[in-house]
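Asker: Mind docking chain S on chain C? Use the hints.
Order-wise, the sequence lines are chains C and S. Counted from 1, the first sequence has number 511 at position 65 by the numbering used here; the numbering is strictly sequential. Counted from 1, the second sequence has number 98 at position 34 by the numbering used here; the numbering is strictly sequential.
Don't take each hint at face value.
If you only want the chain C side, here are some residues facing chain S, beta carbon under 7 angstroms, derived [to be verified]:
| no. | residue |
| --- | --- |
| 1 | H512 |
| 2 | K517 |
| 3 | I693 |
| 4 | G765 |
| 5 | D785 |
In silico lysine-lysine, DSS-like type, Cα no more than 25 angstroms apart, as pairs [what the hints assert, rightly or not]:
| no. | chain 1 | residue 1 | chain 2 | residue 2 |
| --- | --- | --- | --- | --- |
| 6 | C | K517 | C | K761 |
| 7 | S | K102 | S | K91 |
| 8 | S | K152 | C | K517 |
| 9 | S | K202 | C | K761 |
| 10 | S | K74 | S | K102 |
| 11 | C | K744 | C | K628 |
| 12 | C | K640 | C | K744 |
| 13 | S | K91 | S | K103 |
| 14 | S | K74 | S | K152 |
| 15 | S | K91 | S | K74 |
| 16 | C | K517 | C | K758 |
| 17 | S | K242 | S | K103 |
| 18 | S | K103 | S | K74 |
| 19 | C | K628 | C | K458 |
| 20 | C | K654 | C | K604 |
| 21 | S | K201 | C | K517 |
| 22 | S | K242 | S | K75 |
| 23 | C | K761 | S | K201 |
| 24 | S | K206 | C | K517 |
| 25 | S | K202 | S | K242 |
| 26 | C | K759 | S | K75 |
| 27 | S | K202 | C | K517 |
| 28 | S | K206 | C | K761 |
| 29 | C | K665 | C | K654 |
| 30 | S | K91 | S | K152 |
| 31 | C | K759 | C | K628 |
| 32 | C | K759 | S | K202 |
Hints are computed from structural coordinates only; laboratory data are not their basis. C-beta: ideal position from N, C-alpha, C; glycine also.
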Amino acid sequence: MSLIGNDILAGKGDFYSRNFQPTPREDTLILNMGPQHPSTHGVLRVMLEIDGEYIIRAEPVIGYVHRMQEKMGERLDYNQYLPNMARVDYLHPLAWNWAFVGAAEKLMGMQVPERAEYIRIITCELNRISSHLLWWGTYLLDLGAFTPILYAFADREKLADILQRITGSRLTFSLYQIGGCKADMDDRFIRETKEFIEYMRSRFPMYKDLVTDNLILRKRVEGIGGITREECRKYGASGPVVRASGIDYDVRRAEPYSVYDRFEFDCPVYEDGDALARYLVRMQEMEQSLKIIEQALKQLPDGEIMAPKVPKKPKPPAGEVYHAVEGGRGKVGVCLISDGSPVPYRVKLRSPSYSNLSLFPSIAGGTLLADAISILGSLDLIVPEIDR
Amino acid sequence: MNSDFLETLKKSGVICRSAEQESTGCKSFVFILPAYLKKAATIVDGEGYFLEDITCCQVSEGMELIYHFDHYHSPGRVSLRTLIDADKAEISSIASIYPGAEWHERECTDFFGITFRGNPNPVPLLLSPRNPGPVLKKEEEKLKGMEDMLPESLTVKSPDHNSGIEAVLAGWADQIRKDGGEK
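Looking at chain C on its own, in the form it has when it is part of the complex:
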């Protein structure tokens, strides 16, 4: 048996426990939350030093589903690498898909046809809603409410049906290609999307009555896990996490891409910085996404969905680009460095959950253990995206 295995059997803990354990106090307890804890969604482990019910310090241990996506990026050509993007964040795969093709298009100086831009926006926003719905269901499940996830999955089922028509899959969507989109929207897709907008709008009042205004939920989220603006900045947080802390920052506005500037929509911002604010931001974002989809369907132009003469095996010129898009969890960034060959020289994936989780230790100290569950859930973490 290996040395590490012997240490675990001797009760000394593994490498990370031994690194975390030294503490000046003798009356505290070291607790491992995860990697097999239902509320850590997948395989995230958080080591905690607790004094009774209170957390003194916390340290996340990540890497359990690390797949070396960046190395794969240096081995596969641009088109071969596309399906990988869907597996980085399986809940909002189209954002990652877009970040990568967007970076490659920038590198090649390629213009995407207008209709393809609209298809991208419509499908990406539909995907954002399905991502937020799953977060909503599972967050409430973490907090002890079982029913909402069933409602959320009923809604997601409709979205999966709609997106399956165009992408061919129900979870790890990969629709965008360098130069445009793989498939066009048909009449049924458009009809079902319009029906979904009406349907989803009729669900929000019920969710508000059933969950958002529920006193038990409020007690679990109000004033819990406050994040200040300065903490957001120092840790590079983005997405709903910063918008709940009073920072009006959305990549769709700050670094405009595609044709987002043609639509009227709000970026909900709350000042409180607590778990409730993050909850409310996401709930309102779903409504805003519907608004964007509705406008995009009205303006939808005819035309091609792929740019002319896109090579089967793209060979971008040597250079470097950074392309960011607004994903369900925040700023999704892809930095591509090309040496002019058909395979990228370096691919850097900037994941929003990674930065958002890294600020957890700074806000966990002094909170109740039960509140840590609420805080982690309110950050909306996707572990494969953190580990990449």
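Answerer: Leaving out everything else, chain S in the frame of chain C:
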């Protein structure tokens, strides 16, 4: 051009270049000597930028460390770069300025074997402690020159025409040039 660029950098300590955000994704590229890293991070921090990510790219000249910063209120990405020796890959940590840098630096250690002096918790992050070594290091024959892969559109603007962070960094670069450059 290659050796010229590095010579200039060595002499002046800092080189600021403006870029077209639309085609490169970055507003400014700032090349610095490793000794100036903490000072540069302090300046960027003072201007209210947030840390986007830290990454590395191995090139024939060594390890090119890339720090991306952006601003919540006046967006425009700053790409701060420095070059260190691939065999003796060591540099100061900026975790005391940006605590969020801790994880990004640990990731660079996992992937490229770089040591960040002063990182508060320098243990493996994404790879197992029994990891097979710096996995993103390239074989010698596959390495390409740093400058060959930089965006073509990098231009030098006079500091008077710059605004915000570019002006601050350009002013700092001037100061270093006046002070005699190399440390």
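Asker: Next, verify each hint and record whether it holds.
Answerer: Hint by hint, here is what the structure shows:
A hinted interface residue such as H512/C counts as satisfied when its beta carbon comes closer than 7 angstroms to some beta carbon of chain S; here the least separation is about 5 angstroms, so the hint holds. Checking K517/C against chain S by beta carbon gives a least distance of about 6 angstroms; that is within 7 angstroms, so the hint holds. With 7 angstroms as the threshold, the beta carbon of I693/C comes within range of chain S, its nearest partner Cβ sitting at about 5 angstroms, so the hint holds. Given hint, G765/C at the interface with chain S, holds; its Cβ is 5 angstroms from that chain's nearest Cβ, closer than 7 angstroms.
Taking 7 angstroms as the C-beta cut-off, the interface hint given for D785/C holds, the closest approach to chain S being about 5 angstroms. A distance of roughly 19 angstroms separates the Cα atoms of K517/C and K761/C; the hinted pair therefore holds under the 25 angstroms criterion. Between the alpha carbons of K102/S and K91/S the distance comes to roughly 21 angstroms, so the proposed pair stays at or under 25 angstroms and holds. The hinted pair formed by K152/S and K517/C meets the criterion: a straight-line CA distance of about 23 angstroms does not exceed 25 angstroms.
With a C-alpha separation of about 20 angstroms, the suggested pair K202/S and K761/C falls inside the 25 angstroms cut-off, and the hint holds. A threshold of 25 angstroms between alpha carbons decides the hint, and for K74/S with K102/S the separation of about 17 angstroms falls inside it, so the pair holds. Between K744/C and K628/C the CA atoms are separated by roughly 22 angstroms; this keeps the pair inside 25 angstroms, and the hint holds. Proposed proximity of K640/C and K744/C is supported: the alpha carbons are some 10 angstroms apart, at most 25 angstroms.
Distance restraint check for K91/S and K103/S: the Cα-Cα separation of roughly 20 angstroms lies within the 25 angstroms cut-off, and the hinted pair is therefore satisfied. A C-alpha spacing of about 18 angstroms is found between K74/S and K152/S, which places the hinted pair at or below 25 angstroms, so the restraint holds. At most 25 angstroms may separate the alpha-carbon atoms for a hinted pair to count; K91/S and K74/S meet this at roughly 23 angstroms. With a C-alpha separation of about 22 angstroms, the suggested pair K517/C and K758/C falls inside the 25 angstroms cut-off, and the hint holds.
Among the hinted pairs, K242/S with K103/S is consistent with the structure: their alpha-carbon atoms are about 17 angstroms apart, no more than 25 angstroms. For the hint pairing K103/S with K74/S, the CA-to-CA distance comes to about 17 angstroms; that is within 25 angstroms, so the pair holds. Of the pairs offered as hints, the one joining K628/C and K458/C is violated, with about 53 angstroms between alpha carbons and a cut-off of 25 angstroms exceeded. Taking the CA atoms of K654/C and K604/C, the gap is near 20 angstroms; set against the 25 angstroms cutoff, the hint holds.
Under the criterion of a C-alpha separation no larger than 25 angstroms, the hint pairing K201/S with K517/C is consistent with the structure, at around 10 angstroms. Restraint check: the Cα-Cα separation between K242/S and K75/S comes to about 11 angstroms, which is no more than 25 angstroms; the hinted pair holds. Between the alpha carbons of K761/C and K201/S the distance comes to roughly 23 angstroms, so the proposed pair stays at or under 25 angstroms and holds. Of the pairs offered as hints, the one joining K206/S and K517/C holds, with about 14 angstroms between alpha carbons and a cut-off of 25 angstroms not exceeded.
With a C-alpha separation of about 38 angstroms, the suggested pair K202/S and K242/S falls outside the 25 angstroms cut-off, and the hint is violated. Proximity of K759/C to K75/S is assessed by CA-CA distance (about 42 angstroms); at most 25 angstroms being required, the pair is judged violated. Distance restraint check for K202/S and K517/C: the Cα-Cα separation of roughly 10 angstroms lies within the 25 angstroms cut-off, and the hinted pair is therefore satisfied. Among the hinted pairs, K206/S with K761/C is consistent with the structure: their alpha-carbon atoms are about 17 angstroms apart, no more than 25 angstroms.
Taken as a hint, the K665/C and K654/C pair is honoured in the structure, with Cα atoms around 15 angstroms apart against an allowance of 25 angstroms. Our distance criterion of 25 angstroms between C-alpha atoms is broken by K91/S and K152/S, whose separation comes to about 31 angstroms. A hinted pair counts as satisfied when its Cα atoms are at most 25 angstroms apart, and K759/C with K628/C qualifies at roughly 15 angstroms. Note on K759/C and K202/S: the hinted pairing holds, with a Cα-Cα distance of about 23 angstroms set against a maximum of 25 angstroms.
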